[in-house]
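Protein chains: 2
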Amino acid sequence: MNVFYLPDADLGLVTMPEEESKHCVKVLRMSEGDRFCVTDGKGYLYDGEMVEALPKRATVNLTNKRKGYDHWGFNLEIAIAPTKLNERTEWFLEKATEIGIDRVRLFTSYHSERRAANVERFEKVMASAMKQSIKSRLPEIVDLMPFDKLVKLPFDGQKFIAWIDDNVKEQLCDLYHKGENVLVLIGPEGDFSLEEVELAKEHGFVPCSLGDARLRTETAAVVACHTVQLINQMK
Amino acid sequence: MNVFYLPDADLGLVTMPEEESKHCVKVLRMSEGDRFCVTDGKGYLYDGEMVEALPKRATVNLTNKRKGYDHWGFNLEIAIAPTKLNERTEWFLEKATEIGIDRVRLFTSYHSERRAANVERFEKVMASAMKQSIKSRLPEIVDLMPFDKLVKLPFDGQKFIAWIDDNVKEQLCDLYHKGENVLVLIGPEGDFSLEEVELAKEHGFVPCSLGDARLRTETAAVVACHTVQLINQMK
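Residue numbers (our numbering), protein chains in the order written: chain A, 1 to 235; chain B, 236 to 470.
By construction, these hints were calculated from the structure, which means they are not laboratory data. Fair warning: there could be bad hints in the mix.
Unchecked claim - The calculated lysine to any residue pairs, modelled on SDA-like cross-linking and capped at a C-alpha distance of 25 angstroms, are:
| no. | chain 1 | residue 1 | chain 2 | residue 2 |
| --- | --- | --- | --- | --- |
| 1 | B | Lys470 | A | Asn232 |
| 2 | A | Lys131 | B | Val403 |
| 3 | B | Lys470 | B | Lys300 |
| 4 | A | Lys152 | A | Lys124 |
| 5 | A | Lys152 | A | Met234 |
| 6 | A | Lys67 | A | Ser133 |
| 7 | A | Lys169 | B | Lys413 |
| 8 | B | Lys300 | A | Asp166 |
| 9 | A | Lys169 | B | Lys319 |
| 10 | A | Lys22 | A | Lys65 |
| 11 | A | Lys201 | A | Ser133 |
| 12 | A | Lys235 | B | Lys413 |
| 13 | B | Lys470 | A | Lys22 |
| 14 | B | Lys413 | A | Asp212 |
| 15 | B | Lys277 | A | Ser133 |
| 16 | A | Lys235 | A | Glu180 |
| 17 | B | Lys277 | A | Arg216 |
| 18 | A | Lys124 | B | Arg451 |
| 19 | A | Lys131 | B | Lys319 |
| 20 | B | Lys436 | B | Asn353 |
| 21 | B | Lys404 | A | Ser193 |
| 22 | A | Lys235 | B | Met469 |
| 23 | B | Lys359 | A | Asp34 |
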C-alpha cells in the first residue's frame, strides 16, 4: 500500500504538492482511480483516490479520515548532538520515527563533532520513515541550540541524561515511569563534559545508564527511544 | 583507547595479522611503546603494547588477560532474511553487535529479496562493531539456509517468530522469560508466508508481536535484540 504525506490533507478534493505529485505520477505511474493511503503528519490518516494524475499538481479525493494508531499517550523527546557522520544521525531519525518518538532536539556541546545541521534534510528522512511505517504523525525536529540553553528549557515530565560513567548505576529502564512524558539527553561521540553533566543535574536531569554495552551515539539514542516505548508496551 | 582484534591473542608476544598491522602502524601511526586494548573475539580482553611496529607484521606484547563484561549468561540468536539493500542488513549486524547478540542466522524464504550473502563482509562489519564497543566476543554469523531447514534445527531455549498479523496480540517482551536462551525469527521485507508461519509453529516457534509500530526488517531485528537484552537488564 502506497502512503503519501499531505500536510494539508482534508476530506474531499486535495491538490498534491509538486514533489508528491511527481513521485506518484512519474515514479509510481499512478493513474485515475488508483487508491492509496494518506497521512497528514498531524495525527490523521485518510484513504486516497487519484482523481487527476497531473505530474506537477495531481488532484486526489480523500475519504475515511481517521486517527492513526500511533498515539501513545505520552510525550517522548530525545535530545542529541549530531554525529560526525550525518548518515548516523539520519539513521537514528529514521529508526526513532519507526519505533515512535514525538520530538528530537539537536544541540551543540563541548565535545560536539558538528556545529551545523541540515534540519530540512533531517525532516525529509523522518517524513519518509513516517510514510514507510504508516504513521499519522511526523515527529518534530528542533534545530541546534547550545547545551546550556537546552537544559534550561521547561519540560513537563521525567528528565534524564544518559551518561557513560561507572558511578552511574541506575538504568533508564528502571528509573522511567510508564506513561510519563520523558526527555532523554544523549551525549556526543566524546560524551558530555563533567561541567555539562553538573549543569544538567542542577536543572533536574537525572543521570542514567542505558545498560552495560558501550554504544555509539546514534545507537544510544535509538536504545533510549525503544526503552521508553517498550516499557509502555509491556503488560 | 584503540582496540584491536587478534583472534589468536594470548599472553606474551604476538604477531598481528597483516590487516591489523597495517591499520595500527600505517593508519594510526603507532610506534614502539604505544598501548592499546586487544580483544580475541572469544571472550577475553588484553592490554597490548607495541613492541615492533612493522606495517605488515607488527609484534605486540599482551598482558592482563581478563574476561570481557559482555557475558550475559544466556544465548541470544536472531535469524533474519538479508534485506534488499545490503547496508540495512549490515546496519542491523553493527547495532546488534553493539547491543549484544550471540549468533545471527541468515535464511532464504518465500518472500526473500536476496538469495546470496557476503558472510565475510558481514563478519568484518561485526568485528568492527565489536572493537568499537570494546566487546570480547565476536558474534557468530551462520550463512544462508532455506527457511524450512532453519526451523527444523534443534535449539535449547524459547523460539519465536515475529510476525505482522492482527491476530498476533502477544508481544515478545511479555512472552520472553528473563535469563532464557532465545531465538527470534525476523521476516523478510515481504514478511513470512502463511505456510512458513505454520511450519514454524509446527516446530515449536511461538508467533509474537514486536509492538504496534510497523517496522522495517532490520529495525524489527534490532528491536527484538534490544527487547531481550533490556528484559535481562531490568531490575
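Evaluation of the provided hints:
1. For the hint linking Lys470 of chain B to Asn232 of chain A, the alpha-carbon distance of about 16 angstroms falls within 25 angstroms, and the restraint holds.
2. With a C-alpha separation of about 23 angstroms, the suggested pair Lys131 of chain A and Val403 of chain B falls inside the 25 angstroms cut-off, and the hint holds.
3. Using a Cα cut-off of 25 angstroms, the hinted pair Lys470 of chain B and Lys300 of chain B is violated, with the two alpha carbons roughly 30 angstroms apart.
4. For the suggested pair Lys152 of chain A and Lys124 of chain A, the alpha carbons sit about 29 angstroms apart, so the restraint of at most 25 angstroms is broken.
5. Taking the CA atoms of Lys152 of chain A and Met234 of chain A, the gap is near 32 angstroms; set against the 25 angstroms cutoff, the hint is violated.
6. Straight-line distance between C-alpha atoms of Lys67 of chain A and Ser133 of chain A comes to about 15 angstroms, which keeps the hinted pair within the 25 angstroms bound.
7. In summary, the hint linking Lys169 of chain A to Lys413 of chain B is supported, as the alpha carbons are separated by about 20 angstroms, within the 25 angstroms threshold.
8. Proposed proximity of Lys300 of chain B and Asp166 of chain A is supported: the alpha carbons are some 21 angstroms apart, at most 25 angstroms.
9. As the CA atoms of Lys169 of chain A and Lys319 of chain B are separated by approximately 40 angstroms, the hinted pair breaks the 25 angstroms bound.
10. At roughly 24 angstroms between alpha-carbon atoms, Lys22 of chain A and Lys65 of chain A fall within 25 angstroms of each other, so this suggested pair holds.
11. Taken as a hint, the Lys201 of chain A and Ser133 of chain A pair is broken in the structure, with Cα atoms around 36 angstroms apart against an allowance of 25 angstroms.
12. Between Lys235 of chain A and Lys413 of chain B the alpha-carbon distance is near 15 angstroms, which keeps this suggested pair within the 25 angstroms criterion.
13. Taking the CA atoms of Lys470 of chain B and Lys22 of chain A, the gap is about 52 angstroms. The hint is violated against a cut of 25 angstroms.
14. Restraint check for Lys413 of chain B and Asp212 of chain A: the C-alpha separation of about 16 angstroms stays at or below 25 angstroms, so the hint holds.
15. Between the alpha carbons of Lys277 of chain B and Ser133 of chain A the distance comes to roughly 38 angstroms, so the proposed pair goes past 25 angstroms and is violated.
16. For the hint pairing Lys235 of chain A with Glu180 of chain A, the CA-to-CA distance comes to about 16 angstroms; that is within 25 angstroms, so the pair holds.
17. Annotation: proposed proximity of Lys277 of chain B to Arg216 of chain A holds, straight-line Cα distance about 22 angstroms (limit 25 angstroms).
18. A hinted pair counts as satisfied when its Cα atoms are at most 25 angstroms apart, and Lys124 of chain A with Arg451 of chain B qualifies at roughly 17 angstroms.
19. Taken as a hint, the Lys131 of chain A and Lys319 of chain B pair is honoured in the structure, with Cα atoms around 19 angstroms apart against an allowance of 25 angstroms.
20. Between Lys436 of chain B and Asn353 of chain B the CA atoms are separated by roughly 30 angstroms; this puts the pair beyond 25 angstroms, and the hint is violated.
21. Under the criterion of a C-alpha separation no larger than 25 angstroms, the hint pairing Lys404 of chain B with Ser193 of chain A is inconsistent with the structure, at around 44 angstroms.
22. At roughly 14 angstroms between alpha-carbon atoms, Lys235 of chain A and Met469 of chain B fall within 25 angstroms of each other, so this suggested pair holds.
23. Of the pairs offered as hints, the one joining Lys359 of chain B and Asp34 of chain A is violated, with about 45 angstroms between alpha carbons and a cut-off of 25 angstroms exceeded.
Hint violations for this structure: numbers 3, 4, 5, 9, 11, 13, 15, 20, 21, 23, all remaining hints satisfied.
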